[in-house]
Amino acid sequence: MPTPDFIIELRKSIGHSLLWLTGVTAYVRDDAGRVLLGRRSDTGQWALVYGIVEPGEEPADTAVREIKEETGVDAVVTDLVAVTSSDRIITYGNGDQAQYMDHSFLCSLRPGGNAKPFVGDEESLQVGWFAVDDLPSPLAASTVERMAVFRDYLERREHGDRAAVFRGGR
1 MPTPDFIIEL
11 RKSIGHSLLW
21 LTGVTAYVRD
31 DAGRVLLGRR
41 SDTGQWALVY
51 GIVEPGEEPA
61 DTAVREIKEE
71 TGVDAVVTDL
81 VAVTSSDRII
91 TYGNGDQAQY
101 MDHSFLCSLR
111 PGGNAKPFVG
121 DEESLQVGWF
131 AVDDLPSPLA
141 ASTVERMAVF
151 RDYLERREHG
161 DRAAVFRGGR
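Quick note on numbering: the UniProt record's numbering labels position 84 of the sequence shown as 84, and the sequence is numbered without any gaps.
Hints listed in this document are in silico derivations from the structure and should not be mistaken for laboratory results.
Beta carbons are placed, not taken as given, at the ideal position from N, Cα and C, and that holds for glycine.
One or more of the hints may lead you astray.
Okay, the calculated beta carbon distance ranges per label pair [as the list claims (entries may be wrong)]: (1) 101 to 14: 16 to 24 angstroms; (2) 111 to 14: 41 to 49 angstroms; (3) 160 to 122: 40 to 48 angstroms; (4) 159 to 95: 44 to 52 angstroms; (5) 92 to 163: 28 to 36 angstroms; (6) 58 to 118: 22 to 30 angstroms; (7) 58 to 12: 23 to 31 angstroms.
With the sequences and hints as input, model every part of the structure.
Structure below.
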């Protein structure tokens, strides 16, 4: 994923030290219930659309922006599904370290917008719609984890429970 300019500027001061960042994950469904995935150019793995919130940007706006940039699909956020923090520290190939708080959003197609995915930037090798019971492989570990959260949320939502997941009291 291209490094946002604000992180490049921070790295000039802090080097490779650990950065705490806010991220988003978008679970985009089409009218047939399929989910939008991209095959990442950095890992070769299939993943949900995700990205880093820019300074001053609303997380839901980040999700819509990332969907458009990475897949060309026009989407709208419908639900906040989860706000989670990872214990995992990620060390990138250049030595930079980061840890993330993620806002997971359920999204649908924007009425009248583009629904045909295409590779929108250098972050993806392929993009497409997939039935949830026939996902491509390999799936990124973070996507496997987040898909479980989305499945749980969607099941609860069918029974009237639209509460987002917040993991507290660890």
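Problem set entry | Ascending list of hint numbers which this structure does not respect | Of the numbered hints, all hold.
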